[in-house]
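From just these sequences and the hints, can you work out the full model?
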Amino acid sequence: MANPLAGVRATRHRLKETHPLSVLIAERLGLSLLLLWAVSILIFAGVEALPGDFAETYLGQSATPQAIANIRADLGLDRPITTRYFEWLGGVVQGDFGNSWASGAPVTEQITKRLGNSLFLAFFAAAISVPLAVGLGMVAVHYRNRIPDRVINVLSLAAISLPEFFIGYILIVFFAVQMGVATFPSTVYDNMSWSERLAAIALPTATLVMVVLAHMMRMTRAAIISVMSSAYMETAELKGLGAFKAIVKHAAPNAIAPIVNVVALNLAYLVVGVVVVEVVFVYPGMGQYMVDAVTVRDMPVVQACGLIFAAVYILLNMVADIVAIVANPRLRHPR
Amino acid sequence: MTDPIKYFASRVTASEMNRREFIGRSMAAGLTLAAATSLYGKAAMAQEPKRGGHLKLGLQGGASTDVIDPAKSSSQFTFAMNRNWGDTLVESHPTSGLAVPSLAESWEPNADASVWTFKIRKGVEFHDGSELTIDDVVKTLNRHTDEKSESGALGVLGSIKGIENKGGDLVLTLSEGNADLPLLLSDYHLVIQPGGGYDNPNAGIGTGPFKIDNFEAGVRATFVKNENDWRTDRGFVDSVEMIVMNDATARMAALSSGQVHFINRVDPKTVGLLKRAPNVEIQTTSGRGHYVFIMHCNTAPFDNNDLRLALKYAMDRETMVEKILGGYGKVGNDFPINETYALFPEGIEQRSYDPDKAAFHFKKSGHDGSVLLRTSDVAFPGAVDAAVLYQETAKKAGIDIEIKREPGDGYWSNVWNVQPFSTSYWGGRPTQDQMYSTAYLSSADWNDTRFFNTDFDKILLEARAELDQAKRKEMYHDMALMVRDTGGLILPMFNDFVNATTTNVSGFVDDIGNDMSNGYVATRLWINS
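So the protein sequences, as listed, match chains B and E.
If you're matching positions, the first sequence starts at 1 in full-length UniProt numbering and goes up one per residue.
If you're matching positions, the second sequence starts at 1 in full-length UniProt numbering and goes up one per residue.
The set of hints was computed from the structure by calculation and includes no laboratory data.
You may find that some hints are simply not true.
[Unchecked claim] Lysine to aspartate or glutamate pairs mimicking EDC-like chemistry, simulated, CA-CA at most 20 Å apart:
hint, chain 1, residue 1, chain 2, residue 2
1, E, 363, E, 281
2, E, 473, E, 462
3, E, 275, E, 322
4, E, 471, E, 445
5, E, 166, E, 135
6, E, 122, E, 169
7, B, 113, E, 216
8, B, 113, E, 169
9, E, 269, E, 281
10, E, 363, E, 322
11, E, 148, B, 74
12, E, 323, E, 267
13, E, 148, B, 56
14, E, 148, B, 78
15, E, 148, B, 53
16, E, 363, E, 485
17, E, 471, E, 112
18, E, 473, E, 485
Pasting the structure below:
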């Protein structure tokens, strides 16, 4: 007797043998959607649980009962929570994130601009910090326990030990206030030229690079060192390969999985976790946008920001896993 | 004005003397700080303004939830924005706080101050080229008061029952007499918009000295000069850029590096450091805002007036001003009015720290054990420190205060106006009547000291409709004494507004109306070099 479920399982098994990677990606994407849905429920419930609703917090001290009632009726806040949630969900499924309660403008339009700013900053910070961290990690391994290794370690640990706002303030004091060479505040806006934008983000980019550098650098160093102690590295040395070449050719590919994981985490941080740096440098990114929205319980904006942040994390982690699998033959062909 | 002070003022006018020097010397010549400060403003105003240039302001208090619609304006940023592009019917005088004409040329009450007639200025143009009419005025006020209103000024305008156009004049009918009505119309929400702003409240079309060029909520706003401005004594620069800077250190860095000409909300704790920058001038203005410790008069143990008096005498006001405000403030006297209000009741004895009296009243109250005070960092800047300081001074009088630190989120809905003893703050109101009606009338929603006194309520309503200023002042004197001696309010300090400018701009007016020169800062400053 044909069990339909068994059929599905069999198909899945066959697919997994022929296209292991595609099946994995499809599975992860499906799980991601489920995860995002759970996140949306969590955020919705979380904001509901906060004391005070949008009407109260938005009007603040100047609130009168009539004005509060008018806003609630206007936005339909007087209806049950489940009704409001499913209405919102219905819109999102059709690609409509709704309008901000506070400004009345479409959320998508506002977020595009802010997300663009955040990605712009994150891209440059990543473009500098990732090669720098991996490179420095390799250099540190090469000069293991000698002066260059120690210097790299001490400096990067010092940078990560200082809170990011403090690094920001130090950079501002030296480069903007005393020397007057850097642009501050780092505000970017619509009709700014490309070069002006680059100048504006110089200091925040430098801050972010210093914050994420140590983590990635030390993981690179540790991963490579552990690989270096394995037998095949000894073979490489014995067959006469130069030390640096051995690292690049044999050690690095095998050490890539943990490094990529740490890089992915740090990239995610660069996109979603930099609200403090945004505030210090007066940079209009996503973080500040979401904090403003949470302050007045502007649900559509909080939801949209939360989903984007979660999606960034999920996506980057997925990419890290895939890269790790592709790089490692043992994972690529599971038995 | 005595002769030496007159001379100093002329030096200021001629730009030969800066603010610090002028105030210092005038005080040496026998003037009080408040008088010297206001005099400096006048002398600086007399200076011939320079026109042109691009003025940049770094402001705390903007958020991406901000909108241009003045009815929904609630942040410091939109408050200052409204002042740039729009006008209200009435303004308040920078130093006396009295009502002065703006879009309303003049006004006249009837005998019991319940019907007011306003003459609207002719020949004023909106930014879109249309002319201001009485219709626009009526519709604007309608939009702020009709049943669908979401306006922040709704509470202020609650007593207005009729808004009419009678022969080209605006006639407002009130449910009860109110001698302060013109000042209520100076509320910053009440910007006159074409067609009342019904069509597009966020258009930003007004009659102000600057036109909105670009607005990105929570990021920045830019303005260009309105060449058809109906006034010539404001709006001196060609363009204005307001940047949202919510981080205090970022604002200080931007100012001291010369990136902006003006910042607001200088932290009293770091003002000493900012002063050291050679190109910076601190601008302090006496304000009406105050930090308070509030007790519910109807809840045990605070329903005992002796306990309330004991707690009032246990407060060391001078130390509070010095430590919590860094000296940028004035001591309070347990009623919510200071000398910046019109009709300030003079001759009320200043209450001061007196551990003996506190101990005497504490003993008389018969209260046993400690007193629980709830506080949080959001109550006012330094509120937790202030509570600890208070605990120390009360201990010397034998009163044991237990401090409970509450979470900041939800403080305003769960603690303030709910718990019997907590810390809080009040911003000022345009008139004494407004202040008392908001928080000390028995029926007020925000009667956060649960002060129920029918005599007080009666005098308050009588004073509201009293057009004889001398009689009214006497009534306010009696009311102040009632709150001071029987109320639940401990008011240790009034906080100054602390702003800062670079030294190459002039024209900052110490306006007692509100922070940032009552929001008019961009319309009043000019750039010297």
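These are the hints, each one checked on the structure:
1. For the proposed pair residue 363/E and residue 281/E, the alpha carbon gap of about 49 Å is over 20 Å, so the pair is violated.
2. Simply put, residue 473/E and residue 462/E have alpha-carbon atoms about 12 Å apart, close enough for the 20 Å limit, and the pair holds.
3. Between residue 275/E and residue 322/E the CA atoms are separated by roughly 17 Å; this keeps the pair inside 20 Å, and the hint holds.
4. Our distance criterion of 20 Å between C-alpha atoms is broken by residue 471/E and residue 445/E, whose separation comes to about 28 Å.
5. Between the alpha carbons of residue 166/E and residue 135/E the distance comes to roughly 11 Å, so the proposed pair stays at or under 20 Å and holds.
6. A hinted pair counts as satisfied when its Cα atoms are at most 20 Å apart, and residue 122/E with residue 169/E qualifies at roughly 11 Å.
7. For the hint pairing residue 113/B with residue 216/E, the CA-to-CA distance comes to about 10 Å; that is within 20 Å, so the pair holds.
8. Only pairs whose Cα atoms come within 20 Å are accepted, and residue 113/B paired with residue 169/E is rejected, the gap being roughly 47 Å.
9. For the proposed pair residue 269/E and residue 281/E, the alpha carbon gap of about 16 Å is at most 20 Å, so the pair holds.
10. Annotation: proposed proximity of residue 363/E to residue 322/E is violated, straight-line Cα distance about 30 Å (limit 20 Å).
11. Taking the CA atoms of residue 148/E and residue 74/B, the gap is about 9 Å. The hint holds against a cut of 20 Å.
12. With a CA separation close to 13 Å, the supplied pair residue 323/E and residue 267/E stays within the 20 Å bound.
13. This hinted pair checks out: residue 148/E and residue 56/B have alpha carbons roughly 16 Å apart, not beyond 20 Å.
14. For the hint linking residue 148/E to residue 78/B, the alpha-carbon distance of about 16 Å falls within 20 Å, and the restraint holds.
15. Distance restraint check for residue 148/E and residue 53/B: the Cα-Cα separation of roughly 19 Å lies within the 20 Å cut-off, and the hinted pair is therefore satisfied.
16. Proximity of residue 363/E to residue 485/E is assessed by CA-CA distance (about 18 Å); at most 20 Å being required, the pair is judged to hold.
17. Distance check on the hinted pair: residue 471/E and residue 112/E sit about 14 Å apart at the alpha-carbon level, within 20 Å; holds.
18. Our distance criterion of 20 Å between C-alpha atoms is met by residue 473/E and residue 485/E, whose separation comes to about 18 Å.
Violated hints for the displayed structure, listed by number in ascending order: 1, 4, 8 and 10.
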